[in-house]
Amino acid sequence: MCAANATTLQLDSSGNLRHFLSIEGLSRSLLVRIMDTAESFTSVTRQAVKKVPLLRGKTVVNLFFETSTRTRTTFELAAKRLSADVLNINIATSATAKGESLLDTIRNIEAMQVDMFVVRHAESGAAHFIAGQVAPHISVINAGDGRHAHPTQAMLDMFTIRRMKGDFAPLKVALVGDVLHSRVARSEILALRTLGVSEIRVIGPRTLLPVHPETLGVRAVSDLDQGLEGVDVIMMLRLQKERMSSAFIPSEHEYFARFGLTETRLAKAKPDAIVMHPGPINRGVEIDSRVADGPHSVILQQVNFGIPVRMAILSLATQAGA
Amino acid sequence: MNHERIRISGGRIIDPANQIDRDGPLCIADGRIVAVGYQPDDFVPDRDLAVPGCIVSPGFVDLCVRVREPGQEHKGTLASEGAAAAAGGITTFCVPPDTIPVIDTPAVARLLKERGQRVARLRVLPIGALTRGLNGTDLSEMSALKDAGCPAVGNASVPLASSLVLRRAFEYSVSSGLPVILRPEDPALRDRGCAHEGSIATRLGLPGIPEAAETVAVAQSLALIEHTGVRAHFGRLSSARAARMIAEAQQRGLPVSADVAIHQLHLTEEDVDGFDALCHVEPPLRTVTDRERLRSALAEGVIGAICSDHQPHDLDAKLDVFAATEPGMAALETLLPLTLRLVNEGVLSLPEALARLTCGPASMLGLPAGRLDPGAPADLCIFDPRACWRLEDPNWRSAGRNTPFWGQSMIGRVTSTLVDGKVVFQG
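Note that the protein sequences, when read in sequence, are chains P and W. The letter at position 149 of the first sequence is residue 149 when you use the working numbering, and the numbering goes up by one with no holes. The letter at position 260 of the second sequence is residue 582 when you use the working numbering, and the numbering goes up by one with no holes.
Hints should not be assumed to be uniformly reliable.
[Claimed, not checked] Chain W is faced by these chain P residues, among others (derived, beta-carbon under 8 Å):
| # | residue |
| --- | --- |
| 1 | 103 |
| 2 | 107 |
| 3 | 186 |
| 4 | 212 |
[Stated by the list, open to error] Pair by pair, the computed Cβ-Cβ distance ranges are:
| # | chain 1 | residue 1 | chain 2 | residue 2 | range |
| --- | --- | --- | --- | --- | --- |
| 5 | W | 485 | P | 241 | 47 to 57 Å |
| 6 | P | 170 | W | 611 | 34 to 44 Å |
| 7 | P | 112 | W | 423 | 37 to 47 Å |
| 8 | P | 92 | W | 509 | 24 to 34 Å |
Honestly, the hints are just simulated from the structure, not real lab data. Just so you know, even glycine gets a beta-carbon here, dropped at the ideal spot from N, CA and C.
Between the sequences and the hints, there should be enough to build the whole structure, so can you do that?
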C-alpha cells in the first residue's frame with residue numbers, strides 16, 4: 001500500500017538509481033549520466049566479443065505481462081552483454097491467466113533469488129506497485145506500464161537526439177499522434193523538459209490528446225502543418241488499430257490526411273529536422289514510407305541505441321546501495 | 323425492555339432538528355427521551371452518566387455503509403462494522419443493495435435488519451435494489467421490499483440499462499411510496515476510468531472518469547424526476563457542477579436532495595499521486611475547486627447530508643496495480659473527526675455540521691431518527707470535541723484498515739453511543 005512518489009522510490013539515499021520507473025523526479029545530471037554511460041557501451045556492441053562482466057552472477061527477469069518484441073529483445077541483449085543470466089517470463093500466457101495474483105507471481109519469482117525485474121504491464125502504475133513490494137536487493141526497471149511511462153524508450157530517444165543534435169537547449173520538439181494513450185509520449189515529455197529543450201508541442205486530434213496538456217508543460221496544436229513549423233525533432237507516435245472502433249478517429253484515411261507525416265509536411269520543419277518513431281510503424285497511417293525510410297529518419301538508429309542505453313540503465317541500477 | 327432511568331449530565335446538548343444548543347441534563351426512561359435540557363421534578367435517575375465537556379447529539383444517521391454482510395464476510399461483518407459504527411457515534415445506517423445476494427427480496431432485507439438489531443445492536447436499514455439482482459432491466463418487487471423495512475430503493479453503483487427503465491423505475495417507486503437513491507454515473511462516459519480525468523490522471527496515464535460522467539447522469543435523472551415526480555436522493559456527489567445542477571433543481575421546487583462522502587470534502591485528485599490505491603474511490607476524488615464547491619454546497623444546505631461511504635476491504639483488495647484495486651475507504655470511525663475538521667476550518671458551525679450527520683440525512687429518507695424529541699427513542703452520540711487520538715490499531719474496530727488517514731491524529735472522539743437508551747459503545 002506504499003504510495004511513495006517516483007523520486008523517493010527510485011533513488012537511494014545517495015541519489016543513485018535503485019529502480020528505474022519513471023523520468024519524473026530524476027535530475028538532469030542523472031539523465032546525462034545515463035547517456036554518458038550508454039555512450040561508453042556503444043563501443044562494446046562493436047567489439048568481436050560483445051560482453052562486459054558488470055552484471056556477472058546477476059539474474060535479470062524479463063517479466064512481460066503484455067507482449068513485446070523489440071523492447072524485450074533489446075533488454076535481453078543488454079542484460080546478456082552485461083554478462084547477466086536472463087530469464088524471460090511471458091505472463092500474458094502464464095500464471096495470472098490461471099488466477100494467480102500479481103503479487104503472488106512477484107513473490108514466487110523473487111523466491112528464486114533474482115536481482116532485477118524488467119517489467120512490462122498493461123496498467124499504469126504497475127512498475128511502481130512492484131517496486132514498492134519487492135525485497136530491498138531487487139531493482140525494478142519499467143519497460144512500459146499502461147499509459148504512464150516508458151522511461152527506457154525515452155532515454156534511448158534522448159540519446160538519439162543528443163547524438164544527432166548535440167545540445168538540447170535550442171531544440172523545438174513536436175510529438176505527433178495518439179498522445180492520450182502513449183506512455184512513450186509522457187516519458188519523452190518529462191525527459192525533454194528535464195533536459196531543457198526550448199519548446200514541446202503535441203499535435204493530434206482532440207480525441208487523442210490528454211486533458212490539460214499544458215500541465216505537462218507542452219502546447220497542444222490541432223493542425224499538423226502549423227505544429228511542425230520550425231521544429232528540430234519530430235517524434236511520431238503509433239496509432240493503434242482499435243482507436244478506429246472506439247470513436248477516437250473516423251478512419252485511417254482521414255487520420256493520414258490530417259496527421260500523417262509526408263515529405264510535403266516535413267518541409268515545414270527545419271531543413272535538418274530528424275524524424276523519430278518508437279515503433280512498430282504503421283506505414284501509410286501515421287507516416288509515409290518515403291519519410292520513414294528517408295534521410296531525415298533516425299528510426300533504425302533508435303532501435304540500435306536501445307541496447308547501449310538499456311545496458312547503461314541496468315548497470316546503474318545495480319550499483320545503488322540499498 | 324430497558325426500564326432504566328438515565329440522566330446524562332454535564333454535557334452541551336446540540337439537537338439541530340429542534341434548534342437546541344444548551345447545557346443541561348438529558349433524561350431517559352424506558353429507552354426513550356423524557357426531557358432535553360432539564361430534569362423533570364418527578365424524574366429520579368437510576369444512573370447518572372456524567373459527560374463533562376462533551377457534546378450530546380442525536381445518534382448519527384449514515385446513508386451509505388457497506389458492512390459486507392451478506393456475501394463478503396472476509397472484508398467485514400455486521401459484528402465488526404457494527405462495532406465500528408457504534409464507535410463512530412452512528413446509531414442508524416443504510417446498507418446499499420449491492421450485497422451478495424442483492425437486497426432484492428424481503429428475505430435479504432429482513433436478514434440485514436434483524437441481524438443489525440441483534441448483532442450490531444444498531445438500526446440497520448437495507449436499501450432495496452431498484453432492479454432485480456441490480457441487473458438494470460427488471461424492476462424489483464418494491465412494495466414487498468418496503469414491507470420488509472426498506473426505507474428507499476436505489477441503484478447502488480450500477481447504472482440502469484436505459485432511460486426507459488429509469489423512467490419506469492421512477493414511476494413505480496412513486497406508486498410504491500418509496501424514495502429513490504441514485505449514485506449518478508453515465509457508464510459509457512465512465513468507460514474504463516479509474517481516476518478523475520484531470521491533470522493528475524494525465525500525468526500518471528490513468529484512464530480518466532470525466533466530470534461529465536456525473537453531470538450527464540444527473541441531468542438525465544433530473545429530467546425524469548421532473549417528469550415522474552419521484553422523490554429522489556443523489557448519493558455521494560463528487561463534482562461542483564452536479565451540486566450546482568441539484569441546487570437549481572431544488573430552487574425550481576423539485577423533490578431532490580443530495581449527500582457527499584466525507585472524503586470528498588478533504589481529499590482531491592492530488593492524493594492519488596504516486597498511485598495511492600487507498601485513495602482509489604468511486605466516484606473519483608476530483609479537483610480542489612470541486613472540493614471547495616462541494617463544501618459550499620454543504621454549507622448552503624444544497625447537500626444536506628455527509629455520509630461515510632464506508633467500504634471496508636481485506637488487505638489484498640488494495641494490493642495490486644491501481645486500476646485493479648477495489649475502490650473505497652473504511653470510514654465509519656473517521657466520520658466524526660473529519661466532520662469536526664470542517665468545523666475547525668470554518669466551513670460549518672458545529673450545529674450545522676451535526677445537522678448534516680443527523681436530521682439532514684434522516685429527513686431525506688423520512689426516517690424517524692436524528693433528533694432529540696421527547697418520547698423518541700434515545701439514540702445518542704456523546705463525544706468529546708477536543709479529545710485527540712491517533713488512527714492506529716488498538717483504536718480501530720472496522721475489519722478494513724483501508725484508509726489514507728491511517729496513522730494521522732484526529733480531534734474529536736465518541737465517548738458513548740446509545741441506542742434505545744442502551745449503551746452500545748463506551749470509549
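Results for each hint:
1. For residue 103 of chain P, the suggested interface contact is upheld, since its CB lies about 5 Å from the closest CB of chain W, less than 8 Å.
2. Look at residue 107 of chain P: its Cβ only gets to about 11 Å from chain W, farther than 8 Å, so that hint breaks.
3. Because the smallest distance between the Cβ of residue 186 of chain P and any Cβ of chain W comes to about 6 Å, under 8 Å, the interface hint for this residue holds.
4. For residue 212 of chain P, the shortest C-beta to C-beta distance to chain W is roughly 4 Å, which falls under 8 Å, so the interface hint holds.
5. In this structure the supplied range 47 to 57 Å is violated for residue 485 of chain W paired with residue 241 of chain P, their Cβ-Cβ distance being about 33 Å.
6. Between residue 170 of chain P and residue 611 of chain W the beta carbon distance is about 38 Å. The supplied range of 34 to 44 Å therefore holds.
7. With their beta carbons about 43 Å apart, residue 112 of chain P and residue 423 of chain W fall inside the hinted range of 37 to 47 Å.
8. At about 27 Å, the beta-carbon gap between residue 92 of chain P and residue 509 of chain W stays in the expected band of 24 to 34 Å.
Violated hints, listed in ascending order, are 2 and 5; each of the other numbered hints is respected by the structure.
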